[in-house]
Structure formats: C-alpha cells, structure tokens
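Top to bottom, those sequences are chains A and B. Residues 1 to 556, numbered by the numbering used here, are exactly what the first sequence covers, in order. Residues 1 to 556, numbered by the numbering used here, are exactly what the second sequence covers, in order.
Derived by calculation from the structure, the hints in this document are not laboratory data. Note that the coordinates shown come from a computational prediction; the quantities given were computed from them, not determined experimentally. There could be a bad hint or two in this list.
What the hints assert, rightly or not - Footprint (simulated), chain B over chain A, 3 or more residues, beta carbon under 8 Å:
id : stretch
1  : 160-172
2  : 214-224
3  : 324-331
4  : 498-505
In this text, a Cβ means the ideal position worked out from N, Cα and C, and glycines have one as well.
Here's the letter readout for the chains.
2 protein chains.
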Amino acid sequence: MRYLCAMFPLLNNINLPEDLRKLEASQLPALAGELRDFTLQSTKTKAGHIKSSLGVVELTIALHYVFNTPEDILIWDVGHQAYIHKILTGRKSKFAGNRLMGGLSGFTKRAESPYDPFGAGHSSTSVSAVTGFAEADRLMGKSREYIAVIGDGALTGGESFEALNYLGERQLNVTVVLNDNESSIDENVGALARYGGYEKLCEALHLEYYCVKDGHNVENLVNTFKASRETNRPKLIRVCTQKGKGWKALSENKAQSGAQSFQDVFSRTLIEIAKDNSKVVAVTPAMISGGGLQDFKQHFPNRLFDVGIAEQHAVTFSAAMAASGMRPFCHLYSTFAQRAYDQIIHDVVLQNLPVVFCLDRAGLVGEDGPTHHGAFDTGFLNTIPGLVLSAPIDGASLSALMRTALKHEKPFVIRYPKGGNFDPGQPEPDLPTGKLRLLKKGEEKAVISYGAIGQEVEQALTGLPYSHYDLVFLKPLDEKALLEIFKVYKDVLVVEENSPAGGAGESLISLKNRAGSAVKLKCRSLPDEFIEHGSRAQLLRKTGLDSVSLQEFFRT
Amino acid sequence: MRYLCAMFPLLNNINLPEDLRKLEASQLPALAGELRDFTLQSTKTKAGHIKSSLGVVELTIALHYVFNTPEDILIWDVGHQAYIHKILTGRKSKFAGNRLMGGLSGFTKRAESPYDPFGAGHSSTSVSAVTGFAEADRLMGKSREYIAVIGDGALTGGESFEALNYLGERQLNVTVVLNDNESSIDENVGALARYGGYEKLCEALHLEYYCVKDGHNVENLVNTFKASRETNRPKLIRVCTQKGKGWKALSENKAQSGAQSFQDVFSRTLIEIAKDNSKVVAVTPAMISGGGLQDFKQHFPNRLFDVGIAEQHAVTFSAAMAASGMRPFCHLYSTFAQRAYDQIIHDVVLQNLPVVFCLDRAGLVGEDGPTHHGAFDTGFLNTIPGLVLSAPIDGASLSALMRTALKHEKPFVIRYPKGGNFDPGQPEPDLPTGKLRLLKKGEEKAVISYGAIGQEVEQALTGLPYSHYDLVFLKPLDEKALLEIFKVYKDVLVVEENSPAGGAGESLISLKNRAGSAVKLKCRSLPDEFIEHGSRAQLLRKTGLDSVSLQEFFRT
C-alpha cells in the first residue's frame, strides 16, 4: 500500500471516497496532480484507457467529493475512463495489476466493488442504467442521487437518446454528466458534436442544462455539482475536458519488420479493391484506427464513412448504399456487431443486399476481457438464412476472401482476430464461396479448423501425421467434401474459436447425423462460459486452444 | 382493375403516380376521400396497419404529387402505413390480397415494386437508409430528392437519432417527414412526444424545421413540400395527423369463451406474481396491448414501464432495475429482441442479473411475414453462457415457467407464440429449471418437442404408440434424462419451431455425439430460409410443422 510515499502525500491517506471528503476543497488540485502521476507510473498499457482517465481526474475527484458514493449511484459509461475512480474507491493497491490476468478489469465491474453498481465495457448504456436505479428507488420510496458520466462519443449511440428521451418524460432526479472531450474513439462525428447543440437538445428533452467550460478546475466542478444537486429534476451537466491531459506519449516503437497484421491486410486489400472498383466504399462506427483504416482514409477520403459510435446506423446505412448500387465493406468489431444484429437480419440479409461485413476482433481479444471477446458472432450469424460466413486462416486468405466477397454480390461475413504476422508477399489462395481447402495431406485423422485458430492447429500438427483442412466457409458448408472426409477418416477433429452453440462443431455434427455417417467427431471450441481478461496467449491456454493443448487433444 | 367504378371516379384513372400528377391540386381532397373508401372496402384485417394508413392519405398523395417517384427516393419507416402508397404505385388491383399468402406484403418490400426502394417491417431505420441513398448518389455525382417518412413513435428508437445526428453533420439534401400522430403502437411516450420539442431537436442537430399543423389539408402539404424542396439542406417536416382518420371501428366480437391465450395467461400470472411480490415489475417497449399487459396496467399502474419503441433502453433499464433489487419481467417480441441483443448479453447475462425475458411472438407469426417471424431467438440466445432458455407447451406451462423464473433469480428466457386457447382451470405442472417432462408414455420411438409446437405434436401422435417428451428447457439441457431416452429408444425425433442453427435439434445431436450414443436422431425445425407471410396454419403446413406433416415425419 505504500507507493513512493513522499510523492503522494495526499493520495497516501486516501483509500476510499470518505477519506477524500475530509480534504479541503483547496487541496483537491494538488490531489489531481498526484493522481495523474500515480496513474502514469502504475500502468503503461492501453493508451486509450489511460488518456480517457487522465481527462477526468478532476471530474472524478469532484463527483466523489460531492456525492455520497457508494450510497449515491455513480455509473461510468463504457467504464474505460474509470481508472481514477478505481484508485479512489479502494483499488489503489491493486491498480498496478490492472488488465492483467487475475487483476482488476480495465472497465467498471459489479463483482469488483460496491462502487461499481453497474458494469460496462460497451458504450451508451449508462443513462438507461441510471434511470433503472432511480425508478426502482421511486417505487420503494427511497431517495438518493443518481449520476451517469458519458462521453460525447458515447452519446452518439442511439441507446443514449432512447434513455434521455425517457428520462425527460419521467422527470427523475438524475444527473447526466456529459464529458465533452470532442472525442469518440477517433475524432467524434455527428451534428451534435460538431455544432455543440447540447443545450438545445436538453430543451427538446426537458432536461436542465449546465456547462462547466473548464473541466479541469476541480473547485468549479465541486461548486456546480453542489448547486445542481439542489434541484430534483433531471439535468445534463456538460463538462469540457481535454482527453489525455498530462499524458506523455511514449516513443512509438512500431516494428518495421514489413510483416502485416490482419488489420494491415484488410486495409491494403480494401485499397486495392477500391482502386479497381469505384463502387467500393468503407463504413465503420468509430473504428478507423482500430480497424486499420487510416490508409484507406488517406487514399479515399470521400469513400470512408465513419459514422461514429452508431452500429445500427452503420449497418442500415450500408444496406441502403448497397441498394443504391455501391459495394460497402462494413467494418465492425465482432462484439459490437451484437449492437446491429437486427439491422444485419432485417436490412441487409432479408433484402439480400451485397454488404460485406468485415468482423474484426473475432475470438479472444485478450485484456479487454468478457465484454469484448468476439465469442458469439459465429453462433448468432449462423441462424440467418443465406448469409455467407467465412473466416481466413491468415493474411493471404483474408485478402482472398475479400475478393471472393466482392464477386459474390450477396451478404457476406468475414471474421478475423486482431494481430497476426504475415508476409505480404505470400501468394493468395483462390477461395471460392463454399469450398474448404486441404492444407496438409496426412493420414489416420483429419483436423478441420475454422479461421485463424488454424495457425495454432498447424503448429500443433508439427510431427503428427494427420491431415489438416481449413473449413474457410461455415455457411454454406462444403457438404460434399466434408462427407468425403467423413468417409476417408475414422476420426475427425474440429477446432474453432467461438462459443459452441451454432458453431462449426455443431454444424459438422449435424451434417454427420443427417448423413448417418459413423465417423468419430470431436470438437474443441471456446467453452460455453464468459471468459475473463488476460493476454491472448494466456486465454488460449486456459481454453485449450493453444498449440500445446491442441496437440494433446489431437493425440487422444 | 374495375372496382366499383362509379364510386371512384378519380382513383379509377390512377395506376401510377404519373397519373396522379395529372390532376389539379384542387382535385386532391376528393381523391383522398376515394382512397379512404377504397382502403376500407378492400381490406379488413390488421386494424393497426389500416389506421396508420388512413392517417397518411393526404400525406401520401402530396408526396407522390410533388416528388418524382420512383426516381426520387421515398422510404416509409416500418412500412405498415404504406397502404395508400401501394394503391397509388401500381398495386391497386392486388390490394385486396394484401397480407394473404402469395399476395402483397403488409409492409413495403423491394421485391414488390420499384416504388419501394428499401423495405421495412421494423421501425426506426428509414433515416439511416435514406442517408445511404443520398451519400451513394453524392459519390456518383447524381442528384435527386430523398424522403423518409417516420412516425413520432418510431422516432423514439435510438437508430433514428443516430441517423439524424449523422444527417445534420453531413448536410445532405434529405427530407424527413415526421408523421406526428401522437401514437407509438400504444400511446407514445418520451419527452420529445410529450413536450413536442421537435423544433429544438432540429436546432440541436442542424436540421431545417417545418411544421404542417393540419396534415389532412392536402393542398397545404403540397405547398410545403414544394417550398421545402427549394433548399438543398436536410430538413424535418413535422406533419400533424390523426391516426385512423375515417376509420369505422367494427363491433368487437371477442369471444367470451373463457379460454385464454398465451398473452392472457402471461398477464394473469404476472398479476398474481406481482400481488405476492412487491419487487416484481413489468417492462415493455410499446407492446402493452400486443402483449396483453392492459390488465397489469390496471392493477399496477406504477409497476408497468412502457418505454416506447426503445428495445435497447428497455433491456438495460431492466438490468439496472434487477441490480437495484427489483424483479423485472421484460416483455419483448422475439423479433424485436434482435434489437437488444447486445444489451441482453452485456447488461443482463454477463452481470448475471435476474431479468425474466418473456419473448412473445416466438415462432411463426403469420401475416406479418419474414420481418416478424420469431425464428431466430433460440439460436442467438443459445450462444449466451448461463442464460436459461425455456418454452412452454401451453398456458399452464407458461404460468409455471414464470413462477420457476422468479425463483431462479438469474437471467431467464421464456419464449411463446401468439394465441392459444387454454382452459384457465388447467392445473399447473411443476417445471423446475433444467428438467424435461414426460407427457405420454409409449414405445418404439420417442418424440421430444420444444415449446408450443408440442401441441401439434400431441395431435400428430394421436393413434401412434410413441412416447412424447416436452423438453421445456433448451438450456440447461436435461442431459441425464436425455441420455436415458437415447438408451431406451432406437429412434428419437426432435421438433421445434425455430431456425435450425443452435436450436434444440443441434443441441441434442451434439449431446448424442459427445456421449457416443448410437440412437437415431431426426430433427424437424423451421427451414434455414426466410419464410413469407400467410396464415399461421398455412405456414405450419408449408414448413412441415402442422400435425399432418408431423405424423408423416414420425411414421417414416
């Protein structure tokens, strides 16, 4: 518990907000300085989280100083900006283990602390959640304060509007703190942010409006919260902050190996395709940098549509683009595709419109943990009739699938994980829709893998005589080739990196059953449970999907 | 083509909007009268659609009169109010077959007409869609008019806000017509509707604002559209209309048989449960009447939360209520649960909060067709770890499952279809979580059904000696009992009313495979394709799920 005591004279004596409340308001700026230093010294990973947290140091202090947490309900939208909140609410000593396996989550989490009454990870839920607490208390005759803190980026997500519209009608005593740092994940978009029309929005929705122009003046913040607390109406307090205030960028050590990740390959291929076909456009909800689309933006600034955190709009918009004759590549993180599930069904696939969904961050994502693992997309998409589902084993296959998708002219999904290390000179295979691919001819057993987990399979097969097939397409299944494999081998092993229900394993077992085949099928997928955070290597090991575990699985 | 010519002197000469445009503006009110009469005479089903369409007779005439459809893009949100649009765009002669199998869809549909550039069925997508068309044209150097018509109820869905926020930033030449009839499906909710703050919203989002107070004055409408067309900025034109203008209610012939539907049972049981437990509340996104919640509202006006068309908010709000100690029953139509899929995962199940999801309209819904069939919920929910999935075969089972869910204190799903005809005096079975149930002891073969389709199975089994089991719970599976069944019978037949991927059939096949059982398993589910509209009986027949088809399936 003793962190360089001399450097943190105030922070040393604060373990819980009740300690903080013993300070004079005039001491709070000094505490803010200590918290910035402490945060920077304690954690070096995930710049996005640290910068978001550094932007709300004063805001966090002021909230816990004025409001009686945890009795008062304080909910952080997304929860990635809650590092200061964690340090001030009993988690200081554990903070260095943040985002490491077994350590603190990178987000707020109910199981972690009573100061986290509602967890998060995805954006735009906090206002809905806080109204739920307020309504429950109203029914039970209880009264306290309810605060949601939401960034201007997260405010663009439609659920925020649904909740504000509800709040304004119900006139609950809820404080929405709008952390206006003019950022989404990339630069924020949308008319509200561009024109700053928050006060007008509040008038439209019958919310009181306050504005703190210098969100780094902690005494101002304290005074504003004290004043606003006097009314029992719903209010929005806009606090202007600077994301990453106090952040010192580390020198970029990006390896210049020439190797490419899936994201690099996605970007390079999309540029190539777009050069050849003027109808090709890219759509992304706030994931330009995460998805590797910076280069595409350089090349085709008018053909990249970053719609902000607004997955539903991104998908319907893509559908309409396709209806209009364009060829949209809609880039979504697997976990955020959950936000646009209805639009994928109702607007794209039911209308048979040729949108190519590039589902990034499929499978285990590592340190972001259970809110972000791309574990479910295979199952929830496999239920949709006529949708092509594919997954590349490597960079060259991703590139090939993007070209196949363009030719296919129907709704098409390509799922791939983060990272990878591919030689850009690797020749591209031909991957026609619905065809599996033999990677290594062997005997005795056949291993069939779906997607990038096939690389672990390749390693696991070193020294083993078995055949290796890349399924490539889960839908449509290459039934003819699969039935042939079921005939030739006595044992078939299926490996995939997604939850089991509706996945490749179940699809192949179902095929076997329909065909009345006697082949012995065994499947390895992600387990049917939520998977905690940790490094990708640790999680692969834990779920039995690393090459060592797989080799054992194949041998027995 | 000759519909009572004398009655429709103007309409008789109109097959396409180009015919309409030949009329003098002064003739349009008379045409409106003819259209009302024609609609009322031609179709008698689905009052919601007819009333919505009757409210926009003048609006529809004015739009096609001023804008150059189909060259100009006109998109109807939801598409249920598009009957007049259909009559004026070449579908007059087919209109009597509206919503019948093989006839016109009850919604707009791309495959049906070039005047339907983007189909619908679910709400709140039209503004996203129209911006997609406008952006595509901007890229291709094309220019025309783009109009979305959206009701004030559909505007509460978050995607509308995502799209308006986008539109305001991009300053596309798009006209959003807000059909303000002060209705959602039930009475509209939300601050915007209550306080009518549309003009302020437009200021916040940088949209031009117009208002036509009498939306039944067709000449006014024509003049407003002509004027607004002169600017190339995005605009919102609020048109105040009266839903169902000219509607003559038929006398209600609700059978007083005393029999209860699933919806009646849901309502009655929820009232009983709520009387015993003050923590029980009901949450619904605009489905009070559809779901049978009117009585609950009578009994517990403060404990029913109708949040309007806002499924995402409904689910996160329910999660927070549960976190606060309440016991929410969140009522969603299966098809609309797709809109809140991420919230079900991220806010409810990941946090293990005891929300009971009552998924109404599961399975085939009949005349509403492919946008509304509840075909996918089983598959997309089965991927979620730890979520209990159940389905009652009849009313008594629904009631029993609701009581089991309350005791279970974890996330719990109950899916059931519309309708049913149950004796309220039927004794309730005890349905503990994760246990299947023997309905009829027989020999040779065992039939295992999941959910209400079990009633067709019961009928199909008349005269057959086979056993009948009700699975009741798809998750957790009653593995022990199932493995016992696999041992006792050589043939097991599985019947369910949902798409195959991730369903009961695949789950049982997967269990059989893991256990190495030699039982012969055959499954009947909905086919892996989108299913058109028609009566429920016709569709059951078509998909092989009616008792006649099932009997054949069981015999062979």
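Right, here's what the structure says about each hint:
1. Against chain B, the stretch 160-172 of chain A contributes 10 residues with a C-beta closer than 8 Å to a partner C-beta. That satisfies the three-residue criterion, and the hint holds.
2. For the stretch 214-224 of chain A, the assignment as covered by chain B is violated, since 0 residues bring a beta-carbon within under 8 Å of that chain's beta-carbons and 3 are needed.
3. Requiring three or more residues with a Cβ within less than 8 Å of a Cβ of chain B, the coverage given for the stretch 324-331 of chain A holds, as 3 such residues are present.
4. For the stretch 498-505 of chain A, the assignment as covered by chain B holds, since 5 residues bring a beta-carbon within under 8 Å of that chain's beta-carbons and 3 suffice.
Hint check: a violation occurs at hint 2 only; the rest are consistent with the structure.
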